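Turn these sequences into a full structure, and let the hints guide you.
In the order they appear, the protein sequences are chains A and B.
Under our numbering, the residues of the first sequence are numbered 1 to 298, in order.
Under our numbering, the residues of the second sequence are numbered 1001 to 1298, in order.
Quick list of in silico lysine-lysine cross-link-like pairs, DSSO-like style, CA-CA up to 27 Å:
(1) A:57 <-> B:1034
(2) A:34 <-> B:1034
(3) B:1128 <-> B:1117
Note that these hints are calculated values from the structure, not bench results.
As the structure is a computational prediction, the values presented were derived from the model and not from experiment.
Here is how the chains run, residue by residue.
2 protein chains.
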Amino acid sequence: MARIIQCVPNFSEGRNKEIIEKIVEEVRIMEEVKLLDYSMDKDHNRTVVTFIGEPEKVILAAFNACKVASELIDMKNHTGEHPRMGATDVIPIIPISDVTMDECVQLSKELGERIGKELNIPVFLYEKSAQTSLRENLADVRRGQYEGMAEKLKDEMWKPDFGPANLNERAGVTAVGARMPLVAFNVNLGTDDINVAKNIAKGVRASSGGFKYCKALGIEIKERNIVQVSMNMVDYTKTPLYRVFDVIEREAKRYGVNVVGSEVVGLLPMAALIDVADYYLRLESFDHSQILEKRMFE
Amino acid sequence: MARIIQCVPNFSEGRNKEIIEKIVEEVRIMEEVKLLDYSMDKDHNRTVVTFIGEPEKVILAAFNACKVASELIDMKNHTGEHPRMGATDVIPIIPISDVTMDECVQLSKELGERIGKELNIPVFLYEKSAQTSLRENLADVRRGQYEGMAEKLKDEMWKPDFGPANLNERAGVTAVGARMPLVAFNVNLGTDDINVAKNIAKGVRASSGGFKYCKALGIEIKERNIVQVSMNMVDYTKTPLYRVFDVIEREAKRYGVNVVGSEVVGLLPMAALIDVADYYLRLESFDHSQILEKRMFE
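Take a look at the structure:
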């Protein structure tokens, strides 16, 4: 497979289709980059754009889109329900295939530096790219939002990683950072007892002592009269799907309940499922380069 | 993922590197086609070339390679241990990604017709492309070999599917046909008792009543002091890896033996492993287009 990263920038415009089309066009015209989706949200006044492709080209498309956003979106006039601090609010850089997290961190720094220098926008590195634990969590970085950023930037602790020391009044502030892809993975249980799902969710999620890279909730699927452990797997390489699935199955048995099925919602990297096959077949020394499709685009 | 087929033509030359390089060059220079491997066998005086890519381009590369082989290889002088009937002996066409078997059959017919017409070589369609059950098995088609083909072609039952009615003395006869990819899949058992592996192999293979698209042998892995069920899965879509694995595991238990691991030898299509993950996770309505890498090249 080719080297692939994903980029999911969030822009602070969700009402003016003309502006969004001009931003998205920068992604659409880039060779070796594939636009997967963009969805405008009127209430949030925000658009999330999803694209994947060759790493350098993805970064270039992200920069170009950010540049157009800085020209067409004026944060001084922005209203919307979603917290935000910049015309290009946040740019996550995500490893998908044959690219390491370290490489994505490096790419995010190059992108951040260019946005700072050439577009004169203060840039914070967040998540895996954060230079201090204070900036790992996007909510902390964005706290105060656009309206509070001029003041926040004066604090020595919130000196931007790149770009000018002071707020860009038109474009605001942008966060750039590398993170793992999220895999939305749900396991359905053959009972209508919500407590079973809630108890199991508690058992597998990091926040209550479970797997470090698993977020989980117990919810009801009323139309099927069953319950579900609804999860976000935030690093499938460290907390693999099969391990969580097996634990849920065993915990469910403790209540006399069966797993009736599971589902992946949305997109996921191939490796997240190949790892599952590798585990259950107990493959010895399987190499992903044995997959024919990976040879095609290497 | 892009639409991908594989092609594995066999040429009746395994000693003259210059000739083979000229044949292989036709694959190497084709855009959207990836040469994966070619291996010359001196005793067989035969070379197997493996390549994958965009279907129309793969067929074009196969035709061009066949044309060069018809110019550079003279079957009148050919000796070698492997049965053969033509300069280009056989051209298997194999669906890998987002291509159906029916499409591969159609492509094989187009290729066969062109070889017949433009290169003046008699062509037999075999395996899934065979127009009569008599020609499904390559060994039946090739019986008599090059030396017997002039006579064989006179038989009304062996009128070629394409090309001249009589033998091309220089290039011989070529078989073209669509088939599924082979997956070499072995399961290792925690015992040194070869009879356990042999009995289980008998249970899972088609020839003794097992799964229709599974060939299996019990063999010893002496250096590890274990035995193995060594298999060729000849249609992973109809006899999936997980089903055979599960049956082997259960049969082994009947002898008090554990499965210690498994292995895939060589290449396989991504779908063969995604199907395994789908089965063990009990995924509900998973679509392969949810795999990010498939979106990249669609």
